[in-house]
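**Q** In case you want the letters, here they are:
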Amino acid sequence: MIIMTSRQQILKLYKTMLRESQKFPSYNFKQYAVRRVHDAFKENRSLTDAKFIENQLKEAYRNLDIIKRQVIIGQLYSTEKLVIENIEKNKK
Amino acid sequence: MLPYMTSSFGNMHSRTHAFGWNAEAGVEKARAQVAGLINSSPCEIVFTSGATESSNLAIKGALNYIKKNKIKKPHVITTQTEHKCVLETLRELEDEVEVTYLKVDNKGLIDLEELKRSIKDNTAMIAVMAVNNEIGTVQPLEEIGKIAKKNNVLFFCDAAQGVGKIPIDVNKNNISLMSISGHKMYGPKGIGALFVKNKVRILPLQSGGGQERNFRSGTNPVPLIVGLGKAAEIAKEEMKSNFEYVKMLAQKLIKIIKGNETQESKNDNILPFVIRNGDENGYPGCVNLSFPYVEGESLLLSLPGVALSSGSACTSQSLEPSYVLRALGTKDDLAHSSIRFGIGKFTTEEEVVETAEKVKESVTKLREMSPLYEMVKEGINLDEINWGDN
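Quick mapping for you: the protein sequence lines, in order, are chains D and P. Mapped onto full-length UniProt numbering, the consecutive letters of the first sequence carry residue numbers 1 to 92. Mapped onto full-length UniProt numbering, the consecutive letters of the second sequence carry residue numbers 1 to 390.
Calculated directly from the structure, the hints in this document are not laboratory data. Don't be surprised by glycine CBs; every beta carbon is placed ideally from N, CA and C. One should not assume that every hint holds.
Claimed, not checked - Heads up, simulated DSS-like pairs for lysine-lysine below, C-alpha to C-alpha not over 27 Å straight-line:
#, chain 1, residue 1, chain 2, residue 2
1, D, Lys89, P, Lys358
2, D, Lys91, P, Lys255
3, P, Lys360, D, Lys91
4, D, Lys81, P, Lys358
5, P, Lys252, D, Lys81
6, P, Lys240, D, Lys51
7, P, Lys331, P, Lys360
8, P, Lys240, P, Lys255
As the list claims (entries may be wrong) - Here are a few chain P residues that face chain D, going by a calculated C-beta distance under 10 Å:
#, residue
9, Ser241
10, Pro304
11, Lys345
12, Thr348
13, Glu349
14, Glu354
All chains should be built: construct the whole structure from the sequences, respecting the hints.
**A** What follows is the structure, given as structure tokens:
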């Protein structure tokens with residue numbers, strides 16, 4: 001039951017972190033945050049030790065707070081879009 | 001850093017109130033974080049304004065002590081490809097200090113046998129950088145450290161470009177003094193550190209209140225130090241994955257521009273005659289390419305949306321060809337046609353692909369306008385032409 005709850009909790013956290021990362025106004029910070037979130041969850045996908053999972057979860061929640069805070073700061077001082085962002089946008 | 005710019009604004013050197021204690025706690029935590037990255041003791045870390053100050057303090061501080069207490073005219077062995085902060089510092093001291101500038105091979109590596117042969121009775125210091133800032137070459141620190149230890153000589157290492165990117169263990173490498181830069185590992189600009197091994201003696205360069213174990217007087221910039229500490233902690237945690245990521249991007253960049261060895265003769269979609277400067281086994285975040293028959297500055301001007309440089313940021317105002325590339329034996333025309341691609345953890349794959357394609361396009365266009373390239377295409381060997389006769 002504990003594992004089930006954790007799995008749902010982890011999935012929800014993963015999605016929230018990705019969603020929040022997308023809010024970075026800076027292209028490079030956004031891409032970096034998305035890549036790091038993705039890699040970290042992939043790296044820890046096969047963890048079984050409940051205590052270790054709990055610690056990793058706590059760390060992830062701390063990082064979620066950092067992402068949220070940095071997004072706000074980034075929005076306060078956002079800059080012009082980079083050349084690459086316009087190219088990406090046109091491709092889409 | 002924000003709390004130390006707002007609520008915890010105290011002067012860390014104030015010992016009589018909580019504001020000072022809070023600031024001091026932040027600084028001491030950062031000291032431990034930096035020490036943890038290089039496997040030193042926190043008390044061996046001295047905060048400075050950056051790697052340039054660290055290198056000045058290490059070289060001048062140590063040599064001043066040696067001159068005063070041990071050897072009248074000490075001898076220093078360094079390399080021709082060191083950062084300007086090392087070369088200029090040593091050049092300034094040349095009246096009082098004997099300096100040997102070791103040559104490097106075409107990859108930028110020193111010859112360890114030549115290093116051994118260069119050691120004399122008055123040799124006091126070996127000054128060799130960890131990672132070259134223009135070509136990414138990584139020097140054999142462990143072997144250099146062993147030579148320094150065996151000969152009872154100080155080993156000063158300017159590791160500004162290496163700390164946080166590749167594993168550097170000051171104990172394993174027997175390093176006596178080492179420069180660290182904040183912004184090179186995604187920390188703030190204007191902050192750095194000097195590792196001073198326990199029992200290594202240096203004299204301070206500035207007089208004042210005796211802060212930082214009397215090595216560096218002046219009030220410490222607490223928010224910057226806290227930022228450096230956090231950057232060191234993150235760098236340690238991410239080092240392996242960042243290295244692999246940067247390596248993947250570097251390989252992609254090179255493959256798109258110049259292809260691999262087997263591709264070169266077959267594929268029309270790559271640029272011919274491109275030369276990679278430096279050591280391909282060095283740090284991958286520093287890719288230096290020469291595009292013969294194209295002026296590097298013209299190439300930069302044709303790529304307005306891309307942040308590139310033809311040399312290091314510190315020498316980018318100069319139009320002289322890179323002294324690092326010349327030390328490798330690169331001819332002036334090739335050195336003039338070189339571009340340094342800096343790749344980091346915030347660089348994306350899309351940026352690398354787009355940059356590589358734009359570079360290919362621009363180099364092709366510029367070569368089309370080049371009479372020299374026209375001659376090469378006609379099979380004329382430019383090296384055999386005596387330009388002076390015309």
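**Q** Hint by hint, say whether it matches the structure.
**A** Outcome of the hint check:
Note on D:Lys89 and P:Lys358: the hinted pairing holds, with a Cα-Cα distance of about 18 Å set against a maximum of 27 Å. For the proposed pair D:Lys91 and P:Lys255, the alpha carbon gap of about 23 Å is at most 27 Å, so the pair holds. For the given pair, P:Lys360 sits about 20 Å from D:Lys91 by alpha-carbon distance, which is consistent with the 27 Å threshold. Annotation: proposed proximity of D:Lys81 to P:Lys358 holds, straight-line Cα distance about 19 Å (limit 27 Å).
A C-alpha spacing of about 24 Å is found between P:Lys252 and D:Lys81, which places the hinted pair at or below 27 Å, so the restraint holds. Of the pairs offered as hints, the one joining P:Lys240 and D:Lys51 holds, with about 25 Å between alpha carbons and a cut-off of 27 Å not exceeded. Our distance criterion of 27 Å between C-alpha atoms is met by P:Lys331 and P:Lys360, whose separation comes to about 22 Å. Restraint check: the Cα-Cα separation between P:Lys240 and P:Lys255 comes to about 23 Å, which is no more than 27 Å; the hinted pair holds.
Because the closest C-beta pair between P:Ser241 and chain D is about 6 Å apart, less than 10 Å, the hint holds. Restraint check, P:Pro304 versus chain D: the minimum CB separation of about 8 Å is within 10 Å; hint holds. Satisfaction of the interface hint for P:Lys345 is found here, the shortest Cβ-Cβ separation to chain D being roughly 6 Å, below the 10 Å cut-off. The closest approach between the C-beta of P:Thr348 and any C-beta of chain D is roughly 5 Å, which is under the 10 Å cut-off, so the hint is satisfied.
With its C-beta approaching chain D no nearer than about 9 Å, P:Glu349 sits inside the 10 Å limit, and its interface hint holds. A cut of 10 Å between beta carbons decides the hint on P:Glu354: the least distance to chain D is about 6 Å, and the hint holds.
Against the hints set out earlier in the document, no violation occurs for any number.
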